[in-house]
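Peer 1: Listed here are the chains, written in short residue letters.
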Amino acid sequence: TQLLEQSPQFLSIQEGENLTVYCNSSSVFSSLQWYRQEPGEGPVLLVTVVTGGEVKKLKRLTFQFGDARKDSSLHITAAQPGDTGLYLCAGALRGTGGFKTIFGAGTRLFVKA
Amino acid sequence: KAGVTQTPRYLIKTRGQQVTLSCSPISGHRSVSWYQQTPGQGLQFLFEYFSETQRNKGNFPGRFSGRQFSNSRSEMNVSTLELGDSALYLCASSLVGQNYGYTFGSGTRLTVV
Chain Y
22 TQLLEQSPQF LSIQEGENLT VYCNSSSVFS SLQWYRQEPG EGPVLLVTVV TGGEVKKLKR
82 LTFQFGDARK DSSLHITAAQ PGDTGLYLCA GALRGTGGFK TIFGAGTRLF VKA
Chain F
11 KAGVTQTPRY LIKTRGQQVT LSCSPISGHR SVSWYQQTPG QGLQFLFEYF SETQRNKGNF
71 PGRFSGRQFS NSRSEMNVST LELGDSALYL CASSLVGQNY GYTFGSGTRL TVV
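Taken in sequence, the protein lines are chains Y and F. Just so you know, we're using my numbering here: the first sequence kicks off at 22 and counts up by one. Just so you know, we're using my numbering here: the second sequence kicks off at 11 and counts up by one.
Honestly, the hints are just simulated from the structure, not real lab data. Nothing here was measured: the structure is a model prediction, and the numbers come from that model. Among these hints, one or two may not hold up.
[To be verified] Just some of the chain Y residues that point at chain F, by a computed CB distance under 8 Å:
id, residue
1, N45
2, S48
3, S52
4, Q54
5, L66
6, G73
7, F120
8, K121
9, F124
10, A126
[To be verified] A few chain F residues that don't get close to chain Y, going by computed Cβ distances all over 10 Å:
id, residue
11, L21
12, S32
13, I36
14, H39
15, P71
16, R83
17, L100
Note that beta-carbon positions come from the ideal geometry of N, C-alpha and C, so glycine has one too.
Please work from the sequences and hints to get the whole structure.
Peer 2: Written out as structure tokens, the structure reads:
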């Protein structure tokens, strides 16, 4: 069974603080995606990383894909209340029928003003 | 362009009944995937359809089925509903497959009583 372990599960921080969310697996992924989900809505794709060691930045968010393509991290600088939400990582595995995507359990982030 | 449209948004059904959920993907997207999201299990993959063919299937019982039409619209059906089927059902579309990430719909909240 392929698993994608995400940590921490829950994070409550003050506005202006920095944080890092981790996503780890023993599987090698073709790509890894990060999503943010707000209550009552579907997840929204933030970024896709494909190459081992790749780093992508999206304003105050920095995403890194591990060299071996088994893990990833999301770092938020100077968090704001608008960053509050459920952050999900998802890894795409190549199989005989195309790709299969598995999701981590999510990190619920709450940023207090 | 229009996003992924799921109907209905909310549904209440009684145990033993059956239900059909609908998903219209982004225009031009040929791959449609379905996920079940619950607080305890997170996002669990149900199945993926590509060009009217089921390309991948998750580990759900045969009560869960789906299909895709020639215009890429997809439906999923759950027969003999159980209380444990209460969940947010999410449809996701992508251009050719899962490797570069999905665009999700807002989901259908199914409650089985």
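Peer 1: Are the hints correct? Go through all of them and say.
Peer 2: Verification of the supplied hints:
1. A distance limit of 8 Å between C-beta atoms decides the matter here; for Y/N45 the minimum to chain F is near 15 Å, and the interface restraint is violated.
2. Because the closest C-beta pair between Y/S48 and chain F is about 14 Å apart, greater than 8 Å, the hint is violated.
3. The interface hint given for Y/S52 is met, as the beta carbon of that residue sits about 5 Å from the closest beta carbon of chain F, less than 8 Å.
4. With a cut of 8 Å, the hint placing Y/Q54 at the interface with chain F holds, because the nearest CB-to-CB distance is about 4 Å.
5. The beta carbon of Y/L66 is positioned within 8 Å of a beta carbon in chain F (closest approach about 4 Å), and the interface hint is therefore held.
6. At about 15 Å, the closest approach between the beta carbon of Y/G73 and any beta carbon in chain F exceeds 8 Å, and the interface hint on this residue is violated.
7. The closest approach between the C-beta of Y/F120 and any C-beta of chain F is roughly 4 Å, which is under the 8 Å cut-off, so the hint is satisfied.
8. The beta carbon of Y/K121 comes within 6 Å of a beta carbon in chain F, closer than 8 Å, and the hint placing it at the interface holds.
9. Hint status for Y/F124: holds, given a least beta-carbon distance of 4 Å to chain F, under 8 Å.
10. With a cut of 8 Å, the hint placing Y/A126 at the interface with chain F holds, because the nearest CB-to-CB distance is about 5 Å.
11. At roughly 14 Å, the least C-beta separation between F/L21 and chain Y is larger than 10 Å, which holds for a residue marked as non-interface.
12. Once the 10 Å rule is applied to beta carbons, F/S32 is consistent with being away from chain Y; the minimum gap is 15 Å.
13. No Cβ of chain Y approaches the Cβ of F/I36 within 10 Å, the least distance being about 12 Å, so the stated non-interface status holds.
14. Non-interface call for F/H39 relative to chain Y: holds, since the shortest CB-CB distance, roughly 13 Å, exceeds 10 Å.
15. For F/P71, the shortest C-beta to C-beta distance to chain Y comes to about 18 Å, beyond the 10 Å cut-off, and the non-interface label holds.
16. Every C-beta of chain Y lies more than 10 Å from that of F/R83, the closest at about 17 Å, which supports listing it as non-interface.
17. For F/L100, the non-interface assignment is contradicted: its Cβ lies about 5 Å from the closest Cβ of chain Y, within the 10 Å cut-off.
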